[in-house]
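**Student:** Residue-level listing of the chains:
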Amino acid sequence: MRKLWAIAGGSALVYIVLALMMGVFPGLELSKTVAGTGVKPLTLLEAEGRSVYAANGCGYCHTQQVRPLREDEVFGRPSAPGDFAYQTPELLGSERTGPDLTDVGTRRGSDVWQYMHLYNPRSVVPESIMPSFSWMFRVVDRAPPGVNPVPIPTGFAPAHGVVIPTHKTQALVAYLLSLKQPPLGGPASAGGKSSTAASTEAAAAAPTARAAPSGGSAGHAAESKPSVQSALPSAAQIAHGEAVFTANCAACHQASGEGLPGAFPPLKGNPAVNDADPTLHIHTVIFGAHGLTIGGVSYASQMPPFGPQLSDQDVADVIDYERSTWGNHAPPVSAADVARIRSQGH
Amino acid sequence: MFATFVGLILAYKFGAPNFGPGAWLTFGRLRPIHTNDTFYGWASIALVGTAYYIAARSGRTSLYSERLAWTGLVLFNLAAILGTVALDLGYNAGDLEYREWPWPIRLIFAAALIVTAWNLLATVAHRKTDDIYLSNWYTMGGVLWTIVVATVGILPWYQYGLGQVSVSGFFMHNAVGMWFTPMALGIFYYALPKLLSRPIYSYALGVLAFWTNLVFYPIIGTHHFLFSSLPWWLQTTAIVFSVAMLVPVWGGSANFLLTIRARAGEVLHSYPLAFCLVGVIGYLMGSTQGTFEAFRSLQSVWHFTNFTVGHSHLTMYGFVTFGIWGGLYALLPLATGRQASRLGLGAHFWMAVVGSFIYVISLSVGGTVQGLDWKHGLPFIQSVVDMSPYYVWRGVGGVLMFMSHLVFAWNVWDMTLRRPAPSAAIGAAAPAAEGGA
Numbered sequence: 001m002r003k004l005w006a007i008a009g010g011s012a013l014v015y016i017v018l019a020l021m022m023g024v025f026p027g028l029e030l031s032k033t034v035a036g037t038g039v040k041p042l043t044l045l046e047a048e049g050r051s052v053y054a055a056n057g058c059g060y061c062h063t064q065q066v067r068p069l070r071e072d073e074v075f076g077r078p079s080a081p082g083d084f085a086y087q088t089p090e091l092l093g094s095e096r097t098g099p100d101l102t103d104v105g106t107r108r109g110s111d112v113w114q115y116m117h118l119y120n121p122r123s124v125v126p127e128s129i130m131p132s133f134s135w136m137f138r139v140v141d142r143a144p145p146g147v148n149p150v151p152i153p154t155g156f157a158p159a160h161g162v163v164i165p166t167h168k169t170q171a172l173v174a175y176l177l178s179l180k181q182p183p184l185g186g187p188a189s190a191g192g193k194s195s196t197a198a199s200t201e202a203a204a205a206a207p208t209a210r211a212a213p214s215g216g217s218a219g220h221a222a223e224s225k226p227s228v229q230s231a232l233p234s235a236a237q238i239a240h241g242e243a244v245f246t247a248n249c250a251a252c253h254q255a256s257g258e259g260l261p262g263a264f265p266p267l268k269g270n271p272a273v274n275d276a277d278p279t280l281h282i283h284t285v286i287f288g289a290h291g292l293t294i295g296g297v298s299y300a301s302q303m304p305p306f307g308p309q310l311s312d313q314d315v316a317d318v319i320d321y322e323r324s325t326w327g328n329h330a331p332p333v334s335a336a337d338v339a340r341i342r343s344q345g346h
Numbered sequence: 347m348f349a350t351f352v353g354l355i356l357a358y359k360f361g362a363p364n365f366g367p368g369a370w371l372t373f374g375r376l377r378p379i380h381t382n383d384t385f386y387g388w389a390s391i392a393l394v395g396t397a398y399y400i401a402a403r404s405g406r407t408s409l410y411s412e413r414l415a416w417t418g419l420v421l422f423n424l425a426a427i428l429g430t431v432a433l434d435l436g437y438n439a440g441d442l443e444y445r446e447w448p449w450p451i452r453l454i455f456a457a458a459l460i461v462t463a464w465n466l467l468a469t470v471a472h473r474k475t476d477d478i479y480l481s482n483w484y485t486m487g488g489v490l491w492t493i494v495v496a497t498v499g500i501l502p503w504y505q506y507g508l509g510q511v512s513v514s515g516f517f518m519h520n521a522v523g524m525w526f527t528p529m530a531l532g533i534f535y536y537a538l539p540k541l542l543s544r545p546i547y548s549y550a551l552g553v554l555a556f557w558t559n560l561v562f563y564p565i566i567g568t569h570h571f572l573f574s575s576l577p578w579w580l581q582t583t584a585i586v587f588s589v590a591m592l593v594p595v596w597g598g599s600a601n602f603l604l605t606i607r608a609r610a611g612e613v614l615h616s617y618p619l620a621f622c623l624v625g626v627i628g629y630l631m632g633s634t635q636g637t638f639e640a641f642r643s644l645q646s647v648w649h650f651t652n653f654t655v656g657h658s659h660l661t662m663y664g665f666v667t668f669g670i671w672g673g674l675y676a677l678l679p680l681a682t683g684r685q686a687s688r689l690g691l692g693a694h695f696w697m698a699v700v701g702s703f704i705y706v707i708s709l710s711v712g713g714t715v716q717g718l719d720w721k722h723g724l725p726f727i728q729s730v731v732d733m734s735p736y737y738v739w740r741g742v743g744g745v746l747m748f749m750s751h752l753v754f755a756w757n758v759w760d761m762t763l764r765r766p767a768p769s770a771a772i773g774a775a776a777p778a779a780e781g782g783a
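As they're listed, the protein sequences go chains F and E. The opening residue of the first sequence carries number 1 in the working numbering; numbering runs sequentially from there. The opening residue of the second sequence carries number 347 in the working numbering; numbering runs sequentially from there.
The set of hints was computed from the structure by calculation and includes no laboratory data. One thing to keep in mind: the hints can contain errors.
As the list claims (entries may be wrong) - With a straight-line cut-off of 27 Å between C-alpha atoms, the simulated DSSO-like cross-links for lysine-lysine are:
no., chain 1, residue 1, chain 2, residue 2
1, F, Lys168, F, Lys32
2, F, Lys180, E, Lys721
3, F, Lys3, E, Lys540
4, F, Lys180, F, Lys40
5, F, Lys168, F, Lys180
6, F, Lys3, E, Lys474
7, F, Lys3, F, Lys180
8, E, Lys540, E, Lys474
Just chain F, same shape as in the assembly (with noise of 0.2 Å):
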């Protein structure tokens, strides 16, 4: 009987006080963590969204942590323990066998992408290996009052009717879209917040206007064109410009820059883009836009603005590339234009 006692109640004992140690112990004290500067709380719908997302498997393929290596960059920036004060149950994920969503709500902020994506993931990322998420959603004659139809493209959408999200699938997309890293916390923070802040005022008052071709003001194509002339964009700077492309604006604008119609907007071809004046089209990167008539076709969906997360050098180099490629041609931009439409505001 001691024989048992020494090596049952011996090795359990050992182990209850491991247990505590890098179990219980850990756990208590790291959930007294507090929350970063501009962590919050979800909203009602958010958080809702967020047990569809466990209650799914989301958290199976995509993790939710970027990791404080260079590969983890195109995903944000390193995660930071007060990240994770609202997050219970926890949701960082153990496979990437899609991509980390830490900041998915800033890489991809059109609700009418992720509505897309969810519905048929090849919809709008044709290598996509996710499984269609259609049962989430309900096919009617017409859309009812106050919902618009997912713009879902030919091959893709049922024959008859069209394709509208049930609850469960807008409090996904509402949680989604909510997954942005606020900036680090100290001085520098109030400032990124601030123009987070008129960003998104600025995209709430673009006008419709501004997406004719014509629009632009002249004065400011005349004084930004010597500018244009002394700095032709190297090699390098191109293919940066295509890496930014490839993990900013190909979701929507797809690969091929034709966009998917009545969804997103070609920028092959497109006035703007081709538009000697960069003035609209720096202003549509760094500020976003909504409600656009481009080609006689309007476009419900609404671009996020990009001025917060990519630099004046980033989006010089995207615009160069798109004003280079898909058989687009105009004169290139630098990063002291895109700093002054940038320091202009809308």
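Chain E: place on chain F using the hints.
**Tutor:** The following block gives chain E in isolation, referenced to the frame of chain F:
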């Protein structure tokens, strides 16, 4: 078999993502069903069955209580069935790996563990021998420790945000390494001497491996979250002890291999022995690989890739499941007096070995490609495209593994058909027979 079949559907989905579009067949719901059912539906029940048999036989006694054993079996199966249904309906406790079942169902599983611990300890207490054979150290430890792990996993009050991340690291690792590992090692320590009719190479080495495993293993869970926001010292401690784990792993493996070496020729004639040998090699390779994956440099390539999926199959399949099969094929005939046919054993063995080999190799290579794609800053979708041939090969391996399980079910049927087992060894046979029915 059910769990493997689900795994197979999942493997197919990687190549045909539109397949099975409904809510009940979506990848994110089937994936935890696959892991939880292989863990708790298959391996746990089979291991408890063999542990009972070993406790009774090595102590020259009979099982303390058949009623408790049946109660445990019913509870284990109840938890597995309810857990499967709950996950498929979308009741997932938050994608927290290996503790996805809603907490009431995990309580049923914990109750099954407590019943098992009681029965197992009482059986050992009523032994007719003076010593407690080493196998029972491992199995009793495994059951008792896992009760602690389950409790830590269920209690909610201290797991919020980042705190829960650290508990997840502890839980997901300990649920594997303090449960399946000691239980399967318990089988090796009993089945190998039994099959070879010679004692274990070194009893003392087995004791050393027992205590070092106990002390080192619980500390290393955080290596699942390297480069995360968890405290850096916690991560470093986990890496250090991941290296220390080489002591029990190499000590234990050497012990088994040296036991087999004296009569290595017999492996050619005995499939149960061959299963055990593959299990020992799986233990050695899988656990050593685990140590390497814990290094920051290598983890920065392999973490989040399919390499880790290959690793978990090398350990849970190549080690634990092969160990169970070796144990069952060695011990079940002793209980029922009926051997499985050589053809059946051979078909099971070769399909399982070749299938899991293809599976692990394809995902290890593919996972490395994935990790290097990311390191080279290629667009993310490139890593998805590059994985597609490896996903196909994984599916091929998975089909072979599944077919071997059909043969296994038939073999178990074959060994129990004529005369049902009178003792609790039936605990091991029942789940497989259920799968076959």
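**Student:** Going back to the hint list, which numbers does this structure go against?
**Tutor:** Hints 1 and 7 contradicted; others consistent.
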